[in-house]
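Enquirer: Following the hints, position chain G against chain S.
What follows is each chain in one-letter form.
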Amino acid sequence: EDQVTQSPEALRLQEGESSSLNCSYTVSGLRGLFWYRQDPGKGPEFLFTLYSAGEEKEKERLKATLTKKESFLHITAPKPEDSATYLCAVRTILTGGGNKLTFGTGTQLKVEL
Amino acid sequence: DSGVTQTPKHLITATGQRVTLRCSPRSGDLSVYWYQQSLDQGLQFLIQYYNGEERAKGNILERFSAQQFPDLHSELNLSSLELGDSALYFCASSPLGDSHNEQFFGPGTRLTVL
Numbered sequence: 002e003d004q005v006t007q008s009p010e011a012l013r014l015q016e017g018e019s020s021s022l023n024c025s026y027t028v029s030g031l032r033g034l035f036w037y038r039q040d041p042g043k044g045p046e047f048l049f050t051l052y053s054a055g056e057e058k059e060k061e062r063l064k065a066t067l068t069k070k071e072s073f074l075h076i077t078a079p080k081p082e083d084s085a086t087y088l089c090a091v092r093t094i095l096t097g098g099g100n101k102l103t104f105g106t107g108t109q110l111k112v113e114l
Numbered sequence: 002d003s004g005v006t007q008t009p010k011h012l013i014t015a016t017g018q019r020v021t022l023r024c025s026p027r028s029g030d031l032s033v034y035w036y037q038q039s040l041d042q043g044l045q046f047l048i049q050y051y052n053g054e055e056r057a058k059g060n061i062l063e064r065f066s067a068q069q070f071p072d073l074h075s076e077l078n079l080s081s082l083e084l085g086d087s088a089l090y091f092c093a094s095s096p097l098g099d100s101h102n103e104q105f106f107g108p109g110t111r112l113t114v115l
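Protein chains in written order, with the working numbering: chain S, 2 to 114; chain G, 2 to 115.
Any given hint might turn out to be false.
Computed cross-link-like contacts, SDA-like style, restricted to lysine to any residue with a CA-CA straight-line distance of at most 20 Å [what the hints assert, rightly or not]:
1. S:LYS43 x G:HIS11
2. S:LYS43 x G:GLN45
3. G:LYS58 x S:VAL28
4. G:LYS58 x S:LYS43
5. S:LYS43 x G:ARG111
6. G:LYS10 x G:PHE65
In case anyone wonders, no lab produced these hints; they're calculated from the structure.
If we strip away everything but chain S, and leave its shape as in the complex, we get (with noise of 0.2 Å):
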């Protein structure tokens, strides 16, 4: 069965204090690792797609890395803006020929003034 296990659950930084969240997976062909943002009571909105080992993907102070096992999500110099919940999910293939997305249950970011 496919696994996402984020971590850690939650995270508080001080403004401009850098970090990183992690998601390590257990999957049976994987065809594709995402990055969402959620804010409270919101849709997940789409930050990034990895899908080969060694990709990275960049979107102003966010970073996305991909391993074998793991992605890493790196905030650099982050805002208060920034504060929201991160979900990785990884992408399988169903018979039939359909798709769905496994999510972890999210790393709750808040960054303090």
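Expert: Leaving out everything else, chain G in the frame of chain S:
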């Protein structure tokens, strides 16, 4: 704004009742996915439709059903509701139904069963 719309935003109902949640995908997207997010379970995949046909099924209860219409909007029907069905229900869409596209999520419908 992802371009995916969901109605209603909030729904409060009683146990045993039936409700319908509606989703309109992004313009041009053929595939729709439904997910349930509860406090204890996180985001769980329910079902996928592609161009009107069911494409994949996840942990969807028999009391739940979905369909995708010719105009590509989708509805999720929940019946014989129980307290444990209270959750956020999200719809996502992607251009195709395969493994090469990102899924973009709507704002969700918050269902409260009393």
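Enquirer: For each hint, tell me whether it holds in the structure or not.
Expert: Verification of the hints:
no. : hint               : in the structure
1   : S:LYS43 x G:HIS11  : holds, 12 Å
2   : S:LYS43 x G:GLN45  : holds, 16 Å
3   : G:LYS58 x S:VAL28  : holds, 18 Å
4   : G:LYS58 x S:LYS43  : violated, 24 Å
5   : S:LYS43 x G:ARG111 : holds, 10 Å
6   : G:LYS10 x G:PHE65  : holds, 19 Å
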